[in-house]
Amino acid sequence: MNRRSFFERAAGAGLVLSAGLPQLGRRLSAAAAAPNLSRVEARYYVKLPDREVECRLCPRLCRLGDKERGYCGVRENDGGTYYTLVYGKVCSLNVDPIEKKPFFHVLPGTTALSLATAGCNVNCKFCQNWEIAQVRPEQVEAYDLAPQDAADKAVTAGCPSIAFTYTEPTVYFEYMYDTALRAKRRGLKSVVVTSGHINRDPLADLLGVVDAVKVDLKGFSEDFYSQYVRGQLKPVLETIRTVAKSKVWLEIVALIIPTLNDRPDLIRQMCRWIREEAGDRVPVHFTRFQPMYLIKNLPPTPVSTLEAARQVGLEEGLRFVYVGNVPGHEGENTFCPNCGQKVIARTGYEVEAVRLKKGKCATCGTPIPGLWA
Amino acid sequence: MGKARVVVVRSEKVWTSAGDPDPAVLARMFSRGFDLLEAGSDGRTAAAAALFRPDDRIGIKVNTIGGRAISTRPETALALAGWLSSNGFPEKNLFVWDRTTRELRGAGYIPAAGRTGVRVFGTDTDGVGYGPDLVSHRSVGSMFSKIQTELTTASISLAILKDHGMAGVTAGMKNYFGAIHNPNKYHDSNCDPYVAEVFDAPPVKSRHRLTILDALVVQFHKGPSYHARWAAKHGGLVFGRDPVAVDAVGWALIEKLRAAAGLPTLRDEGRAPGYLRTASALGLGEDDLSAIETIEETVA
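These protein sequences, in sequence, are chains A and B. All the letters of the first sequence, read from the start, carry residue numbers 0 to 372 under numbering that gives the first Met the number 0. All the letters of the second sequence, read from the start, carry residue numbers 0 to 299 under numbering that gives the first Met the number 0.
Label-pair restraints from in silico Cβ distances:
| id | chain 1 | residue 1 | chain 2 | residue 2 | range |
| --- | --- | --- | --- | --- | --- |
| 1 | A | Pro326 | B | Pro110 | 45 to 53 Å |
| 2 | B | Ala258 | A | Thr80 | 32 to 40 Å |
| 3 | B | Gly282 | A | Glu349 | 49 to 57 Å |
| 4 | B | Ala280 | A | Thr109 | 53 to 61 Å |
| 5 | B | Asp187 | A | Ser303 | 32 to 40 Å |
| 6 | A | Leu180 | B | Pro22 | 55 to 63 Å |
| 7 | B | Lys232 | A | Thr80 | 25 to 33 Å |
| 8 | B | Gly126 | A | Asp200 | 40 to 48 Å |
On the chain A side, residues computed to face chain B include the following (Cβ under 7 Å):
| id | residue |
| --- | --- |
| 9 | Asp49 |
| 10 | Asp65 |
| 11 | Arg68 |
| 12 | Tyr70 |
| 13 | Asn122 |
| 14 | Leu293 |
Sample of chain A residues at the chain B side, in silico, Cβ under 8 Å:
| id | residue |
| --- | --- |
| 15 | Arg50 |
| 16 | Arg62 |
| 17 | Gly64 |
| 18 | Lys66 |
| 19 | Glu67 |
| 20 | Gly69 |
| 21 | Gly72 |
| 22 | Gln133 |
| 23 | Val134 |
| 24 | Arg135 |
| 25 | Glu137 |
| 26 | Gln138 |
| 27 | Tyr292 |
I should point out that these hints are in silico values taken from the structure, not numbers from a laboratory. Bear in mind that the values here come from a model prediction, so they are computed numbers and not experimental data. Just so it is clear, CB atoms sit at the ideal spot from N, CA and C, and this is done for glycine as well.
Please model the complete structure; the sequences and the hints are all you need to start from.
Listed below in structure tokens is the structure:
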């Protein structure tokens with residue numbers, strides 16, 4: 000537990016691919032030297048009288064006195080100026096299959112240079128990466144990686160994309176934005192894995208520099224968000240709507256937790272909402288919960304529950320519905336919605352076959368939406 | 000069981016001509032405060048014995064986030080350590096601590112982590128840290144400082160008393176937010192129920208013996224940071240075994256200072272410290288002032 004890093008916990012494929020990268024994410028029992036924090040002025044905040052600030056990055060709108068930090072723990076008011084403490088301070092860095100994010104309709108079979116800083120603006124009781132997401136930046140080992148260096152490293156590692164993932168990228172917005180800009184100049188794509196708790200203005204700016212966004216839709220009731228996410232559903236839905244209307248590719252993940260968010264009627268409402276508000280071409284992944292962090296008293300999601308959710312999604316007219324975290328399941332594959340042929344065959348994070356020709360089903364020629372090149 | 004007792008000791012002479020707290024006056028304030036708190040015990044040593052076991056390793060948790068201007072003052076912590084030492088508790092068993100050594104230094108403390116003497120250090124000291132286990136208690140999920148969980152057998156919350164933009168009041172119970180790794184997660188809804196629930200968690204509740212509020216200077220508005228305009232040189236210390244009662248008395252003091260300055264109440268500003276009611280409901284103490292025996296005395 001003490002020295003467990005995300006890197007060390009990564010699945011086999013990621014571990015091998017990441018050879019040569021620094022092992023990060025280790026929890027620090029102490030900081031013998033000064034903590035490795037940045038002092039870069041944050042964007043999206045307003046200065047208030049008496050050295051107070053209000054953060055406008057996410058819906059929490061944290062109002063902070065001098066020396067206070069936001070809910071995320073990585074943005075601090077110092078004397079009336081608001082700073083990000085994690086600009087270029089990467090605590091997790093891996094070369095992962097892009098399917099691990101998961102993105103199933105973005106450059107299948109490629110790898111993404113995947114990175115994170117500490118911090119998160121929600122506090123899911125089922126957080127998979129709490130050891131880096133639910134800590135302050137002083138409490139986890141970090142590595143200096145400037146935006147340009149991240150882009151260079153991705154090229155060197157043979158990754159056609161950079162993924163902002165593991166923790167909540169919104170909290171390191173400035174670093175993500177600048178890195179995505181550098182990545183674009185080097186011909187790389189940028190993909191974001193987010194809870195969707197971000198305000199309209201920063202989201203609009205972000206969508207100008209990234210290529211794909213995966214939103215975790217963690218439930219479909221405000222009560223669930225309040226109790227288990229410590230956030231709100233409404234801004235997440237707004238984020239999904241906004242991304243869907245943009246030119247940026249959108250995928251949605253719904254982690255299904257036994258007894259907490261697995262009610263079939265709510266899953267049906269969710270699928271219907273996605274089809275109506277984001278469109279039927281948005282891939283939706285129903286993924287399997289594993290007990291961890293503050294929810295250890297529930298079993299892993301039965302596969303039958305995920306299969307039922309997938310069936311509901313298909314019945315509601317969604318065209319690409321997946322079962323996640325169940326390696327080898329048939330629901331990991333992409334099927335042509337017209338002829339039913341398997342166009343992308345997957346096992347876990349491995350892509351075994353891609354039967355697409357210029358983004359169309361190789362069998363019947365139906366366009367399959369996604370970022371294929 | 001009798002009423003919860005809270006002792007408020009003040010001195011107009013606590014400030015030296017240089018504007019610093021006078022250690023000799025502080026020593027008298029502590030001595031009198033303990034005497035009044037443990038009235039009925041036979042002498043000072045007996046008063047100490049009523050609170051601690053002879054072999055206790057006593058953690059003195061201070062709050063130093065506010066820098067030199069509005070933190071638990073080092074003079075206050077050292078005076079408390081001096082009182083404990085003079086009443087039979089070896090200095091090597093006394094720890095003055097907070098979450099980081101950097102913040103302790105910023106508040107004027109001189110870190111000391113040797114094998115002898117009173118130790119002064121932060122959770123970030125090499126070899127200390129948090130955890131290793133996550134404590135899941137009610138709505139709280141946190142790792143606690145090993146100073147609290149492993150080094151300390153008895154805990155004193157020696158907190159600064161001040162207004163807090165989110166919590167309403169930060170005092171003895173909220174001081175333990177500095178014992179967890181993720182306090183930023185617990186400031187929603189005026190820190191309610193989180194202040195009460197962090198205190199109620201076993202690492203705190205099982206060790207806490209005493210709350211003392213450093214009310215030498217009280218920030219009664221626009222806290223938790225220092226604003227001279229709303230900081231009163233109150234010259235007080237507030238003592239109590241009941242953590243809720245002490246904080247309730249501290250809140251009342253802040254309201255008194257606010258009223259004198261023509262400010263609205265915290266309730267009117269929508270930030271009354273509701274966590275006190277929650278704490279009382281959890282059985283942690285008394286939040287009703289009418290049910291608290293408050294003893295006030297001035298020391299020359």
